[in-house]
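A.B. asks: Throw the hints in and build the complete structure from the sequences for me.
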Amino acid sequence: MHTALAAVIFAVTLTAVVVRPLRINETWFAACGGVLMLVVGAVTPGAAADAVGSEWNLFLFFFGLMLTAAVADMSRFFDWIAALAAGAAAGRGRRLLVTVILIGALVTIFLSNDATAIILTPVVYTMATRLRLRVMPYLLAVSFVANSASMTLPISNPINVLVGERLHAPLGEYLLHLLPASIAAIAITAGVFMALFWRTADRRFEFDWRSAVSAASAERSFFVPVLAGLALLALAYVIASALLWPLGVVATAGGVGLCGIAIARRRLSRQHLQAHVSPALFVYIAALFVLIRAVQDAGLTTALVAGAVARATDASTAVAGGLLGTAVTSNVVNNLPAVLVFVSGAQTGGVAPALHAPFLFGALAGADLGPNLTPVGALSTMLWLVIVRRRGVEVSAWDFFKIGVVVAPLTLIAAGLLIAVSFR
Amino acid sequence: MTSAVRRVLVLIDGLHTRALVDAITRLVGLDGAHVLLLHVQGTSARSGLELASRRPGGRGLPPQRARDLEEAELRSGAEALAEAAAAFRDQAESVETMELRGEAGRLVCDTAARWRADLIAIRAGGRDRPPVGPASLGPAARFVTDHAPCAVLLIR
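Each protein sequence line maps, in turn, to chains S and V. Mapping of the first sequence onto the numbering used here: residues 1 to 424, in sequence order. Mapping of the second sequence onto the numbering used here: residues 1001 to 1156, in sequence order.
Worth flagging that the hints you see were computed from the coordinates, not collected in a lab.
Part of the chain V face toward chain S, derived, beta carbon under 10 Å:
#1 Ser1044
#2 Ala1052
#3 Arg1055
#4 Pro1062
Take a look, some chain V residues computed to stay more than 12 Å from chain S by CB distance:
#5 Val1021
#6 Val1028
#7 Gly1029
#8 Asp1031
#9 His1034
#10 Ala1086
#11 Leu1100
#12 Asp1110
#13 Arg1114
#14 Trp1115
#15 Ala1124
#16 Gly1133
#17 Ser1136
#18 Val1152
#19 Arg1156
Model, not experiment: these values are computed from the prediction. From the three backbone atoms N, C-alpha and C, an ideal C-beta is built for every residue, glycine too.
C.D. replies: Below, the structure is given as structure tokens:
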């Protein structure tokens, strides 16, 4: 009875989270689903508290990332790096596409894919608009590279932190399995964009990039310490990943340190903090952990993962099972709940211990790269887009999907092969 | 220039102004005509940005970024219109400019009806070379072709 109830509540909640009826924030649906699981007894209060409390590192990591992004945004770091990209492009639209992909990858690798999506994307949009270039190629490029580059380091995507907790893999091992795949994914994304937008991006522009760089870094007494702080934080992330220190603690210490710089320079902006630090996100994630714990206790995640890797006999097939499982599920629901389901299933006996690591590395790559198929949401969003497109309404999200069907399979295949090879 | 075509509405996209001026001058002629240059900030790219930058928990476009973006859009629209007005001024009797935000096709038709245009001149699609075949018309050109209250000149 509990199993069926848990399954129904889980399915209805995730559907509501994806569809967001009446455009209501998904946090409400996730929270209601989590509470309902407690009310029907699908999960005990103790187990729910344990599910949430044991993930303190991920919560701290999100908190640190938000603070870091807020202060970096206050210091105009993103405007500065975008101006440098425009300068390096030397007035050529095609070259700008390359430099935009490069800064997108760089910001993703060291500040996470969320920072790229939330802050760098509008900065690049604004820059392309000011330069009177076609906006969409640049907007799409940043959006796609935010996913493609997000498995490079353990801090490039919060999902990596979540899976990394289970892998206990030091940085060297992490890079051995994922760095070649990550480089391939970035290169494929850049190649696809250059091929698709070769003609469209072939425009000249005039831009006084030196003035833009100077304007972005005009408040040197604030900008320089923040830049130094970001560089130090990046270094601390690398050291912490190598020594298996909790990344959440490093992220929060870094974020608080950067806030300290902002306070000392009297530049702390409440508006920026409010825009970047979202308490609702913590509720959303906590609710997801409760929901996953309920279906895990009902034995559903183990069965699902056991089904996904039923034919896995060696590392290569385990990589493929994890990769395809999370890639497909990420597009049906969302990548965070998708990876939670697969990680939970693997932990509770869905995968043979010998195949644990290849399965989890594959699952991580699938959850990071899979969202490129429908980067604006899940499949239901895309179905909606098909309908409105037929009615002649101009919807740019359709452009995302057209590129996603090329980029996502190519990057997933390349990543799957390279990760499988890394286990030989 | 026929006497019927005295009020021409031209949709400016900021990327193909020269091609529009050349084609309209060559095909219709603008001697004695009144030209309304319309630039529309479409909703498509902006909706794409909002979709791409949205994250769970309500995190999305920070307010100050939204303001920067709006300012950039207004400035680039004004520049595109000023550039087009300079190009059309030598060809026509008078040139007006207008900046709007929304769905381009619908706004072109509504404006043409209100302004009592004799002719709407519009590019077939946003690309440099609109494709041949069933997808040759972009969404704005498609809507204008279907709903225009006057003659339409489609420029490929």
